[in-house]
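Asks: In the order they appear, the protein sequences are chains A and B.
150 is the number of the first residue of the first sequence in the working numbering; add one for each residue after it.
1034 is the number of the first residue of the second sequence in the working numbering; add one for each residue after it.
These aren't lab readings, by the way, just hints derived from the structure by calculation.
One or more of the hints may lead you astray.
Quick list of in silico lysine-lysine cross-link-like pairs, PhoX-like style, CA-CA up to 20 angstroms [said to hold, decoys possible]:
hint, chain 1, residue 1, chain 2, residue 2
1, B, K1120, B, K1132
2, B, K1120, A, K318
3, A, K173, A, K241
4, A, K268, B, K1120
5, A, K265, B, K1084
Taking CB as the label site, the calculated pair distances span [said to hold, decoys possible]:
hint, chain 1, residue 1, chain 2, residue 2, range
6, A, A238, B, L1037, 19 to 27 angstroms
7, B, L1130, A, G261, 43 to 51 angstroms
8, B, V1101, A, K265, 26 to 34 angstroms
9, A, T272, B, S1115, 47 to 55 angstroms
10, A, M150, B, F1097, 26 to 34 angstroms
11, A, A256, B, S1115, 20 to 28 angstroms
12, B, V1101, A, F219, 19 to 27 angstroms
13, A, E274, B, S1115, 20 to 28 angstroms
14, B, S1115, A, L249, 31 to 39 angstroms
In this text, a Cβ means the ideal position worked out from N, Cα and C, and glycines have one as well.
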Amino acid sequence: MELLLFYIFGVVAVLASLGLVTGKNPVHSALFMVVVFFVMAALFVLLGAEFLAAAQILVYAGAIMVLFLFVIMLLRLQPEELRNTSRHAFQKFFGIVLSLVLVAQIALIVRGGFFKGGKGNYTPEVVSGFGGNTEAVAAVLFTDYLFPFELTSLILLMAMVGAVVLTKKELK
Amino acid sequence: MVTLEHYLVLSALLFGIGAIGVLVRRNAIIIFMSIELMLNSVNLSLVAFSKQLNSMDGQVFVFFIMTVAAAEAAIGLAIMVSLFRNKETLNVDEINLMKW
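Generate coordinates for the entire structure from the input sequences, incorporating the hints supplied.
Replies: Here you go:
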């Protein structure tokens, strides 16, 4: 059952991301991307990371995609014109070949089974002892990773200020 | 039984598709979306490792990556808006101000 769900979600994710990459209209690409994000959230649930699944839908499918769609709406984009066709075909060929080589290399490493790290303490029993995945993430986030967590607030502040400054019409 | 390898191969496929998008497409917004796709595929492999190794650290990393991705999307789209205002195009072949 789990395997069947994994294959369904995996095929949908790959097809939707192919649609994202090949779409001529940026709005279509953005909508394909929403599909990818939702499928990814489903895979997170399959992996027992419910908190991240919820965060994925809220942050990516909610906030980031709305931002993308707003910007696409604000900039009336012309369809991608094919100038410099010969150079572009050359880039296209090498882009695809190099990406396939990259995937093949990763697949080789995965097949080699080099992942034999030591196990941590958070077995499923311990996680359910905490009361669930969210509580377990919080227990780590607010103890071992408290300082990086505080720093993320700074990153978000910086992004906010930066976005306002960059889109301002003129600086006085 | 879904193993770690299943998730890693799926993640590699999505990462590769994202890399194709970055290298092949010329529309800056679609390139940006492909970068988000690559970030997301790395998130998937981190969560898969987190499950495999019975550790919460991977999931905490994914949380941080999501934060950085949100900040990056805000800044990147702001840069695109101001670029479009100045150059009337988002074709990355024509955005070559800093190319020597």
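Asks: Determine for every hint whether it applies to the structure shown.
Replies: Tested hints:
With a C-alpha separation of about 15 angstroms, the suggested pairing of K1120 of chain B with K1132 of chain B holds against the 20 angstroms cut-off. Under the criterion of a C-alpha separation no larger than 20 angstroms, the hint pairing K1120 of chain B with K318 of chain A is consistent with the structure, at around 15 angstroms. Using a Cα cut-off of 20 angstroms, the hinted pair K173 of chain A and K241 of chain A holds, with the two alpha carbons roughly 15 angstroms apart. The suggested pairing of K268 of chain A with K1120 of chain B is violated, with an alpha-carbon distance near 53 angstroms, which exceeds 20 angstroms.
Our distance criterion of 20 angstroms between C-alpha atoms is met by K265 of chain A and K1084 of chain B, whose separation comes to about 13 angstroms. As the Cβ distance of A238 of chain A to L1037 of chain B is approximately 38 angstroms, the hint placing it in 19 to 27 angstroms is violated. The beta-carbon spacing between L1130 of chain B and G261 of chain A, approximately 44 angstroms, falls within the hinted interval of 43 to 51 angstroms. As the Cβ distance of V1101 of chain B to K265 of chain A is approximately 29 angstroms, the hint placing it in 26 to 34 angstroms holds.
Our hint of 47 to 55 angstroms for T272 of chain A and S1115 of chain B holds, since their Cβ atoms are close to 50 angstroms apart. For the pair M150 of chain A and F1097 of chain B, the beta carbons lie near 32 angstroms from each other, so the given range of 26 to 34 angstroms is met. At about 40 angstroms, the CB distance of A256 of chain A to S1115 of chain B disagrees with the hint of 20 to 28 angstroms. A C-beta distance of roughly 21 angstroms is found between V1101 of chain B and F219 of chain A, which places it inside the suggested range of 19 to 27 angstroms.
In this structure the supplied range 20 to 28 angstroms is violated for E274 of chain A paired with S1115 of chain B, their Cβ-Cβ distance being about 52 angstroms. A hinted range of 31 to 39 angstroms holds for the C-beta pair S1115 of chain B and L249 of chain A, which are about 35 angstroms apart.
Hint check: violations occur at hints 4, 6, 11, 13; the rest are consistent with the structure.
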